[in-house]
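Asks: Below are the chains, spelled out letter by letter.
2 protein chains.
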Amino acid sequence: MIKDLAAREDGPVRVSGWVEKVRDQRYVQFVVLRDESGAVQLVNGGVLREADPENPRSDILLARTTTIAELSHGSFITVTGELQHNERVKLGGVEIQIDTIDVVTQALPETPIAKDSSIDHRLDWRFLDLRRPEQNLVFRIQTTFLHALRQVWIDRDFIEVQTPKLMASASESRAELFEVDYFEGKAYLAQSPQFFKQMAQAAGFGGIFEVGPAFRADPSFTSRHATEFTSVDAELSWIDSHEDVMELHEELIVAGLTAVKEKHGEQIQKLFGIEIEVPERPFPRIPLAEAKEIVKAEGYEVPRADDDMDPEGERRIAAHVKKKYGHDFVFLTDYASSIRPFYHMRHEGDESLTKSYDLIYNGTEISTGAQREHRIDVLEAQAREKGMDPAELGFYLDFFRYGVPPHGGFGMGLARVLMLMLQQSSIREVTYLFRGPTRLLP
Amino acid sequence: MIKDLAAREDGPVRVSGWVEKVRDQRYVQFVVLRDESGAVQLVNGGVLREADPENPRSDILLARTTTIAELSHGSFITVTGELQHNERVKLGGVEIQIDTIDVVTQALPETPIAKDSSIDHRLDWRFLDLRRPEQNLVFRIQTTFLHALRQVWIDRDFIEVQTPKLMASASESRAELFEVDYFEGKAYLAQSPQFFKQMAQAAGFGGIFEVGPAFRADPSFTSRHATEFTSVDAELSWIDSHEDVMELHEELIVAGLTAVKEKHGEQIQKLFGIEIEVPERPFPRIPLAEAKEIVKAEGYEVPRADDDMDPEGERRIAAHVKKKYGHDFVFLTDYASSIRPFYHMRHEGDESLTKSYDLIYNGTEISTGAQREHRIDVLEAQAREKGMDPAELGFYLDFFRYGVPPHGGFGMGLARVLMLMLQQSSIREVTYLFRGPTRLLP
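Residue numbers (full-length UniProt numbering), protein chains in the order written: chain A, 1 to 442; chain B, 1 to 442.
Hint data in this document are derived by calculation from the structure and do not stem from the laboratory. The structure presented is a predicted model; accordingly, all values stated were derived computationally and were not measured. Some clues are possibly wrong.
Here are some of the chain B residues that sit facing chain A, going by a computed Cβ distance under 8 angstroms [to be verified]: (1) PHE76; (2) ALA107; (3) PHE139; (4) ARG140; (5) HIS147; (6) VAL152; (7) ILE154; (8) VAL161; (9) LEU166; (10) ALA168; (11) PHE183; (12) GLY204; (13) TYR432; (14) LEU441.
Using 25 angstroms as the maximum straight-line C-alpha spacing, the simulated SDA-like pairs for lysine to any residue come out as follows [unchecked claim]: (15) LYS3/A <-> PRO442/B; (16) LYS3/B <-> TRP238/A; (17) LYS3/A <-> VAL104/B; (18) LYS3/A <-> ASP124/A; (19) LYS261/A <-> HIS147/B.
Where a beta carbon is used, it is the ideal one built from N, C-alpha and C, also for glycine.
Could you build the full structure based on these sequences and the hints that come with them?
Replies: Written out as structure tokens, the structure is:
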């Protein structure tokens, strides 16, 4: 690995990677070679442009010079040579004097994208786009973030579940549902693991988690929506209210950002110019109605007929929180029953409000959580009120006929977290392969 | 948590869980209460069947007695009372003298399944089936196994990827492909992350891993097949041959089984009567042709027209390995090119064999791995030879036009590993919610 070279003593080494840059000068050739761990400068001091009958190594030197001159960007090569520490070399303070060079695979000379190509064009050539160190870092950060979350769950004795993505009916609303030809019948792609996470509560699993795909046939083209996305989900039993869910949620976010800052903080600073901030606990909590009053008092009236917030309102309340509390996160709580799914539990004494929240990070919603209604009679009534067909909900409602403890959970969009953490303009930049209404390739 | 009671001192406690058993005797009532961590006995010594005007607590005692008498199996309750250590109590050596009892949710009195119900009937009521301690343990084991695998990858600096499950074309053969209505067109569900794992190699990601769903429109009803299953995948660059893939694979299996044995070995012994064996490295490796000779010499001729093994042959070679080397695992290597996908690399000097393997565990295949062909001209020729349409492979072949290092990897069926580890008769027993040609519910 290239990152390990600096710690090695001078001497013979063998490295592999792809060609990032070639500088072919008259008397010396330089190659910048990159692997997944970093980059290093290779030097060919024995440049020979024409056969030299006086030199016994003429053929070898000539061939090596030609090979390097013809190297195309992105070609994969393996090189043997002498490692030399040299303080004047900016790239890691080492360079390698090339002895042999083996072109494993030559890349096509014309690279179809450049750093300033449009995002859509870059996505056409995503595998080349992902070679950029910033992009490589995005997925290292994501790996570290997820591993830290899973460690919290493991430490709390949660069970990991893999819920099915093929379903007999809708898991959320019937809008935005993908239909699959399933033998003689039809199946639907899971829009969320909601029902199956709750099934685990009926099964007495207690705390559970899942990181997996979710599918929405959403025709919109915003920077925050995809037809397939990675959903980070948790659900836990024996809670007193949505407050217990928020506490778990906070703990996970803090653990994830702490791990990211520790492992990648310096690189993030270097490549993105961003200082990762680990938030203080507890995160601020503001009831939605109050949040709307605050942004109204600051001059913005949310232009919606229903009781919901809008993206601009979320940005403004986040700015308010940042100014007042210096915090990047805020839980907006107690959403109106009218704009929440039937399975959100409502407040005792005020049916119009739910025990639910959205988590806002740097001005954008990343997550929705709630205590769920576990009493079958109340749940059925709420489903009917929302105009749901109880027949379609049959298997789900059955869970509650055999006893389910009080429980709650959340679902969080992984790409949104990454986008907001790294201040990217779109989830497309932080999704391995983005899927949208007009994008299924590569 | 109930499991923590034994370590506590006598005194007031509060526990929640579901009712596993009620023994309603004339002068004393017993309830076995279970949560996700274990079970405990509750005792009501103050049984009162009729109002007693002499007793000032008559109403309370009467109500409590009636509540307990009417408790149905599976109901979720919260109890306060006095914890008492008592060596004569078999269940953990403690019991709780009930003070108050709160029925959080009453279950329907008739439980639709029993322990000896058919697997199909039990799957109809999977959430009740999963309440059995054996089933709960299965998913705790799976959680521990996966976490141990991920720790190996993290320690080796692998990147976790979430590859898309919606694709524009087939990822393996066109048979067994699910079609999705995708806005004005069609999409297909990923049969494996194969192409996208290899894309990560083209992107210079080096080692990568993924645990996610894969989909096969397989109409068969065997004990080892499902239409949706969890695939455990890894891929890594800069390998010399499939031997490097097998080494990673071994390391993961050993880490997974070690963690499972440490954390759950005792429980597995108790509930399944199985001693988890951590295999020695290296696992035996036998070229497929040789394996076929061995089983033939032992009296079994594989009844196949092609060069492949069959399930009976796999059982027999595994039995041979177990007898000869005392090993539960065996790598069958060097499968014929004729029965392997076009992207498997072939041997130098013998085009008829691939640098591939299957991993057999207790007699059944759990995984396929290989070095991949990374040279575009060879890869194209192999695809044409297999009758593939290069136009459909366009995006995949593009990866190789810009340089890909030598690489390989494997895909492993998670449920198969669990089934074989716990000697279960079907993957249905170890899948959270099984999906088959006639099963989409719950």
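Asks: Hint by hint, note whether the structure agrees.
Replies: Hints versus structure:
1. Checking PHE76/B against chain A: minimum C-beta separation of about 4 angstroms stays under 8 angstroms; hint holds.
2. This hint holds: ALA107/B has a C-beta 4 angstroms from the nearest C-beta of chain A, less than the 8 angstroms allowed.
3. Restraint check, PHE139/B versus chain A: the minimum CB separation of about 5 angstroms is within 8 angstroms; hint holds.
4. Because the smallest distance between the Cβ of ARG140/B and any Cβ of chain A comes to about 6 angstroms, under 8 angstroms, the interface hint for this residue holds.
5. With a cut of 8 angstroms, the hint placing HIS147/B at the interface with chain A holds, because the nearest CB-to-CB distance is about 5 angstroms.
6. Nearest Cβ of chain A to the Cβ of VAL152/B: about 12 angstroms, over the 8 angstroms cut. The hint is violated.
7. At a threshold of 8 angstroms, the smallest CB-CB gap from ILE154/B to chain A is about 5 angstroms, leaving the interface hint in force.
8. A cut of 8 angstroms between beta carbons decides the hint on VAL161/B: the least distance to chain A is about 5 angstroms, and the hint holds.
9. Given hint, LEU166/B at the interface with chain A, holds; its Cβ is 5 angstroms from that chain's nearest Cβ, closer than 8 angstroms.
10. Interface hint status for ALA168/B: upheld, as the beta-carbon distance to the closest one in chain A is roughly 4 angstroms, under 8 angstroms.
11. Using the Cβ-Cβ criterion of 8 angstroms, the hint placing PHE183/B at the interface with chain A is satisfied: the shortest such distance is roughly 5 angstroms.
12. A least Cβ separation of about 5 angstroms between GLY204/B and chain A falls short of the 8 angstroms threshold, and the interface hint therefore holds.
13. With its C-beta approaching chain A no nearer than about 5 angstroms, TYR432/B sits inside the 8 angstroms limit, and its interface hint holds.
14. Interface restraint check for LEU441/B: the shortest CB-CB distance to chain A comes to about 5 angstroms, inside 8 angstroms, so the restraint holds.
15. A hinted pair counts as satisfied when its Cα atoms are at most 25 angstroms apart, and LYS3/A with PRO442/B does not qualify at roughly 50 angstroms.
16. As the CA atoms of LYS3/B and TRP238/A are separated by approximately 15 angstroms, the hinted pair is consistent with the 25 angstroms bound.
17. Restraint check: the Cα-Cα separation between LYS3/A and VAL104/B comes to about 57 angstroms, which exceeds 25 angstroms; the hinted pair is violated.
18. Between LYS3/A and ASP124/A the CA atoms are separated by roughly 30 angstroms; this puts the pair beyond 25 angstroms, and the hint is violated.
19. Taking the CA atoms of LYS261/A and HIS147/B, the gap is about 22 angstroms. The hint holds against a cut of 25 angstroms.
Violation of the numbered hints given earlier is confined to hints 6, 15, 17 and 18; the remaining hints are satisfied by the structure.
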